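Q: Modelling step: build the complete structure from the supplied sequences, incorporating the hints.
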Amino acid sequence: MNMAFVELESLSVSLGGRPILKELNGAYSGRCIGLLGPNGAGKTTLLQTLLGFYTPTSGTARLLGYDVRTRIRTIRHHIGYMPENDAFIAGMPAIRFVRMMAELSGLPEEAAIERAHETLFYVGLGEARYRQLGTYSLGMKQMAKFAVAIVHGPSMVILDEPTNGLDPVGRLRMIELIREIRDTHDINLIISSHLLRDIEEFCDEVMIMKDGRIVTYCNLEEERRANRKFLQLETRGENGAFLEAVERLGCECAVDERTRRIKMILPETVEIRHLYEIANAHTIQIRRLEAKRDSLQDIFMKAMETGAPMSGANASPAGRSHQGR
Amino acid sequence: MAVYKRTYSRYTGSLTNERWRFTILPRYALKTVFESKVNTTLFIIALIPYAVSIVLIYLRSHLDALLTLSPPAVEGLQLLSINGTFFLTIFIVETFASFFLVALIGPGLVSPDLGNNAMPLYLSRPFSRTEYVLGKLSVLVVLTSLITWVPGLLLIGLQTSVVGLSWLSDNLRIVAGVVFGSWIWILTISLIALALSAWVKWKPVAVAALFGIFFVAAGFGTASNMLLDMRWGTLVNLPIAMRMIWRWLFLGESTYVITTPPFGELPAWTGFVTMISICAIALCILSRRIRAAQVVR
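Line by line, the protein sequences give chains H and V. Quick note on the numbering used here: the first sequence kicks off at 1 and runs consecutively. Quick note on the numbering used here: the second sequence kicks off at 1 and runs consecutively.
Just so you know, the hints here were simulated from the structure itself, not pulled from any lab data. Note that the structure is predicted; figures quoted are calculated from it, not measured. Warning: the hint list may mix true and false statements.
Said to hold, decoys possible - Computed Cβ-Cβ distance ranges for the label pairs, DEER-style:
| id | chain 1 | residue 1 | chain 2 | residue 2 | range |
| --- | --- | --- | --- | --- | --- |
| 1 | H | Ser58 | V | Gly264 | 50 to 60 Å |
| 2 | H | Arg69 | V | Met230 | 44 to 54 Å |
| 3 | H | Gln132 | V | Ile45 | 23 to 33 Å |
Where a beta carbon is used, it is the ideal one built from N, C-alpha and C, also for glycine.
A: In structure tokens form, the structure reads like this:
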């Protein structure tokens, strides 16, 4: 079984006497964990609690196996954080700021200088690295924050709304960078966003939050696998014999009486070319065939509509409760 | 390989000692401080009283020789004695010099971090709020030490070297006064500067607030004394409170005579209480303001 990078045990956080996070439970082992939810759902509070900025009112959380209540300094050794809002010192050149942050993470001076240069080139700010951060555009500031988050080589990076305010080119660049550090540098990621597309791009596991609770857990990787063979067909011709033939192969079929569309779930052994062969044998034309799956948007919308908090084992990935299916 | 050709990689090298990591902040900050000509000029001006003192100590110790050369020119030196009053005068001047230096530099240390929301970046690292405050405080402590107790001890060393160890043994109170008094003043004004800049988050306003505490509070204290016919208002006048401490340390005066109406006396210990109270309030403000995330109630 994979090690859980994030574990939540009845985690509750109250701020100013108001409960913000309510009894969160779960264990997440994905390389990239997504936090989805509308504004005010508690995503940023959860991230900041994992970083030790807020003390849990009750329960606890573990990051990389370390308890946030007792081992926060150790956790911070292994973590890089990119906050949602602007976070920099306006009058300081980027290279100096990134270097200082690397040194504060424990890198010796020489290593910090070298890695600050490397990281700024890596995120595409190489030519602008001596410019003051206050003169950067919004996209450049996002990249500078990303550089600060990864300069010390953390084993987990927490990104809060990483594509906020980026133009399409900047967004693509950010997505490319995040994918690269996830896939080639053995870095775990926690990404908070209200942009479904972003989460769908990077994440293996998604927690959908609403009103301080996790309302849905979704393993996107499994969703993708499970839905790959879920098809929707439009045919021309008498399809009774065709349906019988495909059912004999082990396919589950259902015909929409109104639209005459066929919904079909294929077993692992059946491939799409087999359908065309059978259709040909029964002189049926397949006019349209699409691989259909519940998009993250469907899952999210369902979660927002039902909104029932998951509790106990259901909230845990081990419970495998996928409302999207 | 050239840096720009390298790609990103995980860091696997050694890490620095956590105990001394707070010194990274003063290293960066002091570099920035001395990049400013205004700061450097003010720092040099603050050292002028010591340069004058060195000359006076030298001349006073060679008075006999000078009298034989040019008696009228050095007659005034005969009245000068290097004692507690001499050092008290220097340190009263340095009280103001160090205040101006702190007022100029202090607010620029914390307010840009808070104003630009940089605290989450500092505190998401293995770096605590205490280390942050310690790091920022040490910038001011280093700077003000270089214009207070460090040159003060050098002066004492110079006087001892020209007069002899007997002077030092007779004036050990001055050594204690230079070190102890300087630290009280340094910590008080540094903590006030950091607390105010953390509170208002805007450098120009923090500078104005600092001058307000220094000068307006003095006027407020005097007005309170006159209106309520009391003496305790004097204590909110920081330079006076510090002068009470200096006089006790250098001259052994356990009471301070108030020279403005309503006239009277205050015990020297009240000066210490004032300073300790101000430091405590400043620490409370810093504890509330220096946070990675503020809770909006």
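Q: Indicate, hint by hint, whether the structure satisfies it.
A: Here is how each hint holds up against the structure:
1. Ser58(H) x Gly264(V): 50 to 60 Å: holds, 57 Å
2. Arg69(H) x Met230(V): 44 to 54 Å: This hint holds: roughly 50 Å between Cβ atoms.
3. Gln132(H) x Ile45(V): 23 to 33 Å: Holds - the Cβ-Cβ distance for Gln132(H) and Ile45(V), about 29 Å, lies within 23 to 33 Å.
In summary, this structure violates none of the numbered hints.
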